[in-house]
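Chains A and B, in that order, give the protein sequences. When the count follows the working numbering, it moves up by one through the first sequence with no breaks and lands on 354 for the last residue. When the count follows the working numbering, it moves up by one through the second sequence with no breaks and lands on 354 for the last residue.
Don't read these hints as lab results, they were simulated from the structure. Any given hint could be a false lead.
Just so you know, same-sequence chains aren't split out, so a pair can sit in one copy or run between any two.
What the hints assert, rightly or not - Think about it this way: if two alpha-carbon atoms lie no more than 30 Å apart in a straight line, the pair counts; the simulated DSBU-like pairs of lysine-lysine are:
1. K300 - K194
2. K300 - K222
3. K222 - K74
4. K342 - K194
There are 2 protein chains.
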Amino acid sequence: MTQYTFALMDTRVVAGPLRRFTADVFVGAGLAAADAAIVADALVWANLRGMDSHGVARVPGYVEWMRRGDINVKPHMLVSMEAPAVVLLDADRAAGPVAMTSAMHHAVRKAGEAGVGLVFVRATTHTAALGYYTLIAAREGMAGLAFAASTPLMAYHGARAPGVSTTPISIALPGGDRDPLLLDMSTSLIAMGKLVQARRTGEPLPEGAALDAEGRPTTDAKQAVTPLPVGGPKGSGLALMVECLTSLVLGNPIAAEVLEQTERGARHRQNCLALAIDVGRFGDPQMFDREARRLVRVLKALPRAAGVDEILMPGERGRRTFERRTREGIPLPASVVTELSKVADALGVTMLGA
Amino acid sequence: MTQYTFALMDTRVVAGPLRRFTADVFVGAGLAAADAAIVADALVWANLRGMDSHGVARVPGYVEWMRRGDINVKPHMLVSMEAPAVVLLDADRAAGPVAMTSAMHHAVRKAGEAGVGLVFVRATTHTAALGYYTLIAAREGMAGLAFAASTPLMAYHGARAPGVSTTPISIALPGGDRDPLLLDMSTSLIAMGKLVQARRTGEPLPEGAALDAEGRPTTDAKQAVTPLPVGGPKGSGLALMVECLTSLVLGNPIAAEVLEQTERGARHRQNCLALAIDVGRFGDPQMFDREARRLVRVLKALPRAAGVDEILMPGERGRRTFERRTREGIPLPASVVTELSKVADALGVTMLGA
Numbered sequence: 001m002t003q004y005t006f007a008l009m010d011t012r013v014v015a016g017p018l019r020r021f022t023a024d025v026f027v028g029a030g031l032a033a034a035d036a037a038i039v040a041d042a043l044v045w046a047n048l049r050g051m052d053s054h055g056v057a058r059v060p061g062y063v064e065w066m067r068r069g070d071i072n073v074k075p076h077m078l079v080s081m082e083a084p085a086v087v088l089l090d091a092d093r094a095a096g097p098v099a100m101t102s103a104m105h106h107a108v109r110k111a112g113e114a115g116v117g118l119v120f121v122r123a124t125t126h127t128a129a130l131g132y133y134t135l136i137a138a139r140e141g142m143a144g145l146a147f148a149a150s151t152p153l154m155a156y157h158g159a160r161a162p163g164v165s166t167t168p169i170s171i172a173l174p175g176g177d178r179d180p181l182l183l184d185m186s187t188s189l190i191a192m193g194k195l196v197q198a199r200r201t202g203e204p205l206p207e208g209a210a211l212d213a214e215g216r217p218t219t220d221a222k223q224a225v226t227p228l229p230v231g232g233p234k235g236s237g238l239a240l241m242v243e244c245l246t247s248l249v250l251g252n253p254i255a256a257e258v259l260e261q262t263e264r265g266a267r268h269r270q271n272c273l274a275l276a277i278d279v280g281r282f283g284d285p286q287m288f289d290r291e292a293r294r295l296v297r298v299l300k301a302l303p304r305a306a307g308v309d310e311i312l313m314p315g316e317r318g319r320r321t322f323e324r325r326t327r328e329g330i331p332l333p334a335s336v337v338t339e340l341s342k343v344a345d346a347l348g349v350t351m352l353g354a
Numbered sequence: 001m002t003q004y005t006f007a008l009m010d011t012r013v014v015a016g017p018l019r020r021f022t023a024d025v026f027v028g029a030g031l032a033a034a035d036a037a038i039v040a041d042a043l044v045w046a047n048l049r050g051m052d053s054h055g056v057a058r059v060p061g062y063v064e065w066m067r068r069g070d071i072n073v074k075p076h077m078l079v080s081m082e083a084p085a086v087v088l089l090d091a092d093r094a095a096g097p098v099a100m101t102s103a104m105h106h107a108v109r110k111a112g113e114a115g116v117g118l119v120f121v122r123a124t125t126h127t128a129a130l131g132y133y134t135l136i137a138a139r140e141g142m143a144g145l146a147f148a149a150s151t152p153l154m155a156y157h158g159a160r161a162p163g164v165s166t167t168p169i170s171i172a173l174p175g176g177d178r179d180p181l182l183l184d185m186s187t188s189l190i191a192m193g194k195l196v197q198a199r200r201t202g203e204p205l206p207e208g209a210a211l212d213a214e215g216r217p218t219t220d221a222k223q224a225v226t227p228l229p230v231g232g233p234k235g236s237g238l239a240l241m242v243e244c245l246t247s248l249v250l251g252n253p254i255a256a257e258v259l260e261q262t263e264r265g266a267r268h269r270q271n272c273l274a275l276a277i278d279v280g281r282f283g284d285p286q287m288f289d290r291e292a293r294r295l296v297r298v299l300k301a302l303p304r305a306a307g308v309d310e311i312l313m314p315g316e317r318g319r320r321t322f323e324r325r326t327r328e329g330i331p332l333p334a335s336v337v338t339e340l341s342k343v344a345d346a347l348g349v350t351m352l353g354a
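Let's have the full structure, built from the sequences with the hints guiding it.
Put into structure tokens, the structure is as follows:
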């Protein structure tokens with residue numbers, strides 16, 4: 001059995017060993033080695049980008065879903081419909097990163113043939129950070145878009161209870177010699193992960209970000225349970241449309257099943273959409289690069305709001321964090337290390353230093 | 001010369017004559033009759049739906065753009081690239097509704113052939129309400145999506161000056177025997193049109209909706225000039241990605257040209273994207289209908305927030321307004337009637353009762 005040692009003194013770990021450790025844990029939970037490597041890479045990528053709520057802190061949850069069978073460790077993923085520009089991928093409850101990576105590769109292939117490629121992913125599971133997949137398209141010189149429909153944790157506008165999912169949306173654009181522009185957002189004002197984090201630290205939440213258990217607006221992180229949609233009807237409207245466009249189109253509803261507390265609703269599920277656009281067919285990629293650099297320069301030179309040091313582009317903070325954490329390691333809270341170590345132990349993977 | 005009489009006593013006008021009057025004004029400004037009918041229908045549709053900021057109040061502005069040549073009244077629209085699932089439509093500065101209607105029909109045709117159809121519209125002009133076009137797809141049993149990039153009027157997150165456009169986004173889903181679900185939103189917290197309206201009435205704005213001329217946050221409608229993005233970096237990130245995905249991909253940049261105050265930036269322009277998805281290929285349309293009705297029922301039954309009488313679905317308020325205004329007429333403020341009458345007079349179209 002492989003043993004892993006992490007430099008826990010400063011609670012920073014190097015990405016490579018963390019990735020291999022994470023993959024080994026998933027292999028221990030029953031995943032094929034190739035699939036485990038994809039899931040581990042997606043989670044550690046999120047940590048490197050600073051999205052710790054979508055990183056290895058998810059490992060215990062994923063392992064529990066594998067144990068319960070919500071994540072199928074031996075899925076038979078199937079292209080059950082294909083047309084010139086589209087693919088329907090029946091994911092058979094595969095780990096989200098396995099299904100979504102396959103989906104975006106199909107989308108890129110279709111876009112290469114037809115100009116645009118659209119893939120619906122039916123019955124997948126937690127996708128981690130969507131930017132991981134839209135960047136697959138961007139690295140091929142294409143635009144990538146992805147939506148995911150998940151468990152309804154966010155309030156629907158006008159309601160004081162959850163009704164729709166926080167619904168991640170990601171768009172990436174090719175970078176050429178620049179870095180790709182990468183938008184990766186939820187439709188809630190603050191992400192569920194940040195709400196959970198704030199609950200731990202007790203840091204007050206912004207106005208309009210959350211409801212308490214009684215459904216009353218609150219800025220007290222300790223009382224906050226339900227995130228609110230960004231822009232009221234806009235955020236919850238987008239979330240509803242994504243549930244309809246994926247889950248309902250694919251005949252695999254999530255929100256209604258959970259809200260009606262059916263047996264099916266008790267299982268963790270997601271449905272997703274991956275879209276790639278072969279943007280090089282519509283204009284000169286070099287001109288795009290030049291104009292993107294120009295637009296970034298112009299926006300960054302705008303007069304700044306009070307207290308703002310720098311105007312940032314979508315994905316810029318994440319890229320900087322990625323570079324820093326690649327050099328300096330990923331900071332892991334002791335609680336996460338303890339959890340990981342416990343889960344690993346139970347699967348016969350030993351983490352030294354924990 | 002045709003003369004039009006509107007019932008001005010109660011400042012309500014019937015849609016049919018208003019549509020014909022509006023079309024006649026555009027014919028007077030040089031538009032072909034068929035194109036004028038499309039533009040008039042799109043504007044009056046917005047009025048019927050209650051989106052008065054995108055209705056006939058725009059006629060004087062459109063006529064002025066036609067006079068200046070920003071809107072080309074005799075455009076040679078050209079499909080300059082076509083692949084199995086995509087079309088590039090060079091709109092030659094056509095009136096937005098003419099270009100976008102054509103674009104969505106191309107998208108629906110492509111989706112019928114390939115599963116998904118994507119159309120980029122290069123160098124079009126003000127598109128009015130995007131929902132008008134996404135509904136074209138929904139009526140064909142398809143999902144419709146549309147984005148538009150326009151003049152940068154909205155603050156980019158962190159800046160105290162405009163940097164990106166308020167960027168409309170629309171998604172429509174087929175209705176079967178229900179009404180289509182229709183999301184039609186801007187990426188600003190409140191739309192520019194509502195900001196202008198509030199400036200007139202003096203009604204206070206919500207926190208975080210606008211900046212004053214100095215770039216300071218304000219809730220005073222009289223002082224508000226620059227709308228703020230919904231969710232800070234989320235709204236302005238979406239807007240930036242739409243400018244890149246349309247204007248920069250198509251080599252027809254808008255934001256940077258306006259912000260750098262170039263000659264090209266002084267001309268009104270838009271670039272758009274229309275997408276249709278043949279959702280019936282991915283699942284049973286009858287099950288979709290059934291599940292959509294179920295989800296709507298479940299969401300409407302959620303416990304309501306304080307002060308909320310009813311939980312509304314995307315497009316529901318607009319549909320009700322449409323039905324009411326179809327029956328009872330479209331309320332037009334006297335100032336709009338006066339403006340319309342003035343523009344009409346100058347073009348040899350007479351509006352009686354004004």
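Problem - Up to 30 Å CA-CA - K194 versus K342, copy category - result: Close inside one copy (24 Å), not across copies (55 Å); limit 30 Å.
Handout entry: Intra/inter-copy verdict for K222 and K74 if alpha-carbon distance must be at most 30 Å
Key = neither (39 Å within a copy, 62 Å between copies)
Practice task
State whether the alpha carbon distance between K300 and K222 is at most 30 Å within one copy, between copies, both, or neither.
Solution key: Between. Shortest inter-copy distance 29 Å satisfies the 30 Å Cα cut-off; intra-copy 36 Å does not.
Practice task
Please work out whether the CA atoms of K300 and K194 approach to 30 Å or closer within one copy, between two copies, in both situations, or in neither?
Solution key: Both: 27 Å inside a copy, 28 Å across copies.
Hint 3 from the list above is the single one not met by this structure.
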